Structures are given as structure tokens and as C-alpha cells.
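Please work from the sequences and hints to get the whole structure.
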Amino acid sequence: MRALLVEDNPVLADGVALAFSKAGLNLEHAGTLEGARAFLSAFSVDIVLLDLTLPDGDGLTLLGEMRARQDSTPVLILTARDAVRDRVTGLDRGADDYLTKPFALDELMARARALARRQAGATDARLTVGPLMLDTAGYQAWLDQIALNLPRREFACLAILATNANAVVSKDSLISALYDNADPPMPNAVEVIISRLRKRLTHPAIALKTVRGVGYMLLEHDR
Amino acid sequence: MTAANRQGDLAPPNSARTEMSLRRRLLLFLLLPLIPLSAVLIMLIYWAIRSATTESYDRVLEGSALAIADRVVLESSTLVVDLPYAALQMLTNSAEDRVFYSVQIYPSGEVITGYRDLPAPDFTTGNGGEDRIVQYIDFRGERMRMVAIRDEALSYAAKQTFVVLVAETMGQRQVVLERYLRRAVLAFVIGVLLVSALTLYAVNLGLRPLRNLAQAVRLRGERDLRAIRRPVPPEGQPLVDEINALFARLEKALNSHRRFVSNTAHQLRTPLAELKTQLEVARLEGTLPDLSGLSGRVDGLAHLVDQMVLLSRIGEQPSGVDTFGDVDLRVLAEQAVAEWSLRAIEAGIDLGLQVEAKAPSRVHGHQSLLLEALGNLIDNVIKHAAGATTATIQVHKDRLIVTDDGPGFRPKGSNESSVQRFGLSIVHEIMDLHKGRVTQNLGPRAEVALIFDGEDDLGRKGTAP
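Respectively, the protein sequence lines represent chains A and B.
Numbering-wise (my numbering), the first sequence opens with residue 1 and increments by one.
Numbering-wise (my numbering), the second sequence opens with residue 1001 and increments by one.
Please keep in mind that the hints were generated in silico from the structure rather than gathered at the bench.
Keep in mind the model is a prediction, meaning the values are calculated, not measured.
You can trust all of the hints, since none of them are fake.
Computed list of lysine-lysine pairs in DSBU-like fashion (alpha-carbon distance at most 30 Å, straight line): (1) A:Lys-101 <-> B:Lys-1276; (2) B:Lys-1397 <-> A:Lys-171; (3) A:Lys-22 <-> A:Lys-101; (4) A:Lys-101 <-> B:Lys-1383; (5) A:Lys-171 <-> B:Lys-1358; (6) B:Lys-1383 <-> B:Lys-1435.
Shown next as C-alpha cells:
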């Protein structure tokens, strides 16, 4: 994963750079909007970590420019300003996620990975969550390189959960993704699929959690 | 708050149409009807003056006719009028008017003396056999008033009926009528002006309590939110009551803000003191402090600051997300669970949702603030309900309840109240804004409920039907 950090505060920038290098990932750094524009015009990255308050303007301007030229690189907003308002304006303008300063570096890494993974899932058929790997084009899944040979619906369910790893996927959204209106599921159909998947995903690094009353979460331990 | 924007509050700038002043309105309603009323009154006055002058002039004319009739005698069955010319001059009312007379034998109409062409009225028909007729005639191209008297001249042997006609031009009558009318109208106008002046004075006097009230409000200090106790007329009381109610609400909001600032300052001070101590200890002993503990404290501080910012922004801007609207408690709870699931799982707590309400539970509320409040409650369970394995958000018709199966909340060794200890003051603050309340049982199987059963400023219940 190659990331661009647009951040003018050197302490924060150094911290983020350290976290990325420890994880063995590439991080480019731009301290101004101008620098970020120059970099993005020459290179492509998997994710942009964007501070909003920059010496030469508002980070949202850069986001607007990117989205205007159909650049769908995931953007994670880092904000020290009013969280609620920035969250909404940022997401309105096409940001993919936001994080309020101060943030834990672990949290930043997890969010950045999740965004990059989602982007990869959209453009490239391969998806990885810990030991789990999915090929969404070939409907194949492997756990520790061992093929799982999942039935089509179970695979689709796992693909949705893996795309949103470490986040809650509601039961309603699973039902609407897995079944069409003309073919309503049996009661408990989703529970049955989940329980079958759970039996297959026997690996200490991942777990398929039930979030009572809401839905499910594919949890990656030791992110 | 300055006097200027206080006035601005009273006169909302969005009303493009400016209201007419009360004074102008009263004056208009009181004085405007005087115009048609004056017209009618002047008509009546004109009519009265006219009939009075007509009557008195007619009487003089009649007197003249009677005087002539007195001079008519029957001499050997011939009617004779003995009328000196000078006497004729006396007949007229004034120098300007001309008088025409005629004495005729009745009913033949043979003229004995005077103007031959003066037309005699018909005594037989229409006038009911009266001996005296007063009427308008057109004579020699002029409008005139004429008196006709039918009388009898007697002698020892005979009797002869005759008619005396006296006609007069109406110049003087008109002059007198106009003169009196002018005087009457003048008196009337003076009367109207007096009435208007009195009305103006009375209206000003009547509105004085209102002006005094405005003056009293204007002189108020910006922090003086005591109720207005000044006696006002009953009509002004509702306004004063409303202003007092507004003052009371402002006072409450102000107090709540003061309390909030002092509470949050308190909450910030404790972790800051702990941080400082840890750092000092590390510096004195030359050891590394508990870094992850320090990081957690900083996170807590950052969270508190976020919440303060959020609370301070309420009502600041009328658009966007920072406003009140319809909130579905179930959706809200789902959002909270989705947001906190990962942290709960990592803390070994099974966080879930339980919908108890049969119908959708909707309240009038502030989505982000309520999410923040609910987040605090979940955070509390994760941090303080040591030994809990499950935490559940129950969605009821008008409330959200966060429960856990732990043995009760354990404070981390400080002597603050439970409200301050567990970050509940912000939750209380948020529920106050929603006219709701918080009930808490922090013992075993702890339960904290956010209850929406108050009414907001517009009288809407917290829960929509």
C-alpha cells in the first residue's frame, strides 16, 4: 500500500510516518496543498490521508479537485476542527472516512488499511483479511492458502463481511444483498449461512462475531 | 447582549411588513370614523339652519300678507285696498330682496291691486282647504317664496272672499343661511379638532404604561434576568408573562451552561492532574511512564473536548446537521452499536441491541448529540463495569436503556460524585436539552436510561406519535 499524507504539523507527520514504516508500508508526505497537487499529478497512491487546515488552504479543496477529475482514490480526513460538521461536509464532498485529532496511530493504520482494502475490492478482485483471501471474480476463498469451496451465497456473504472487515454489517443489508425481493429468504436463512461460515473460518486470527440485534462483524484479531 | 439586538429580538427582521404603531392604530380607528360622521352631522346642521331660516322668513312674509289683508275693506260691495306706498316698503325683509304683491277676488282671480301676473295657488285642491299657503314659485325668471292668504271682507250687507299674495326673492335668505352655516361648520371643526387633541392626549396617556415597560426593559443590565415585577395593565400582562417566561428559560440555559463549564473543567482537571503526576514521577525517578496509560488519558481528554465543542455548537447555526429533527431511537441505537462494537469486542463485552418497542420510536432530538450521549454510556460500561460480559441497548417507545450484567460500576479511586466520575454530566446536559431525563442505577446489573418525556419549547412532546 502506498499512501500520501497531507499534513503540515511535523510532529504528527513524523508519528504517522513512523507507524507506516513499522508496518512496512510506503508513506509519502506533503506539507502543503501545492505539494500534494504536484505529487498527485505525477503519481498515483492507494490512499490519501488529508488534513483540513493547511497553510495554503483548506484540505476540502483538494478533495473537491480530486473528485471533480473522477479520481476515486480513498481519502481519509484527519481533522482537529469541529468533528460533526467536518464529518458531514467531508463525507458530502466524497471523503471515505474521517478521524478526529488526536487519534491513536493503530486506529489510523486500521482505517487506512480498511479503506485501501475496500478500494482494492472495487477495482481488483482480490481481497485479504488476515489469513483469509477472496477472489471475488472467481468466487473462490482461501484460509491460510487452503481453498474453502464455499457455495455461492455463502461466498457472497463472506465477501460483504470481508469488504467491511472490523465493521458491523447489518442483517438487513445482508438480506437485501443476498436475496432479491422476488425470492424472499426463509426465516433464519442468514443465521444458517453465518453458522456455516463460522464452522469453516476456524482460525485464531479471525472471528465471525454476532452483533446482537444489529448484524455481524468479521473481526480481524491483532490488526 | 446589547440593547440593539435585544430590540432586534422583539422585532424579528424577517417580517418585511412593518407593523403600524399601537398609537397610530388607535388614533386611526378613533379619528377615521369622524369623517363620515362629520359629513352626516354637517348635513343635519344645514337642514336645521335652513328650516329655521325658512320658518322665520316665512313668518315675516305671512305678517306682511296679514297686514295687507287687514287693509282690505268692502265698500258698497266693492273691495278696496288702502295701502300707502311707504307701507309696501315695510313688507320686505331686507333692502336687497324685492317683494311682489297682489290682492285678488276669490275665486274669480280679478286683480284689485298689485302685480297682475302673480299666480294664485289653488285653495281647493291639494292644500286641503287651508286658508294660508306658503310655497316656492318661479316668477319673472326667479325663484321666490310666496305666501297666499284667503280671507273675507265683511260689510253690514255683504261678504266678499279675497286672496292676498305676497312673493319675495330669496337673496337674503340664502345670505343668512350661508352665514349661519359657516358659523356652524366653524364651530364644528373646532369641536372636531378639540376631540382629536383630546383623543391624542388620551391615547398617549393610555399607552404610557407600555412605554414605561419598554423603558424598563431597555435599562435592564444584560445579565439581569429577574422577572419583570412592575405593575402593567391587564392587556399588557400576557406580554410581560411571556417576557418573564423567556427570561426564566434564558436564566436556566445560562445556569446550565455555567454548570456545564464548571463540570467539564472539573472533569478535565482530574485526568490532567493524573497525567501531570505520572509525568512528574517518571521525571523524578528517571523511569519511563506507563505510556499506554498516558495515551488512554489523552484519548479521554480529547473525547471530552470533542463533546464540549459539540455541546457548545448547539443552536449556533440553523442549517446542516447541528439541528434538532426527527430521530428514530432504533436507528440511533444501531448506529451506536455499529460505532462501538469493535471496542466492546476488544474489551470482551458482547454489545447488542434489543428492540422492545412495537412501533418505531421517534423523538424530536439532535442526532449527533444523542449518539454522543449513548456512546458515553457504552464507553462507561466498557471502562467502569468491570466484570461485565454483555451490554445491551434496549429501545423502548420513549426511552433508551443501557444495561450490563456486571457487578456494578467501580470508580477508579476518586471522591467525585458518580455523575462526574462516569462522564454522565454531559449525558445529563444533552438530555436536559431534549427536555428529557436520565435515571441511573450503577449497582449490580447497572442500568442507565435516557427518557424522552418532556416537552420542548414548542410544546411538542419528546416522543412523536
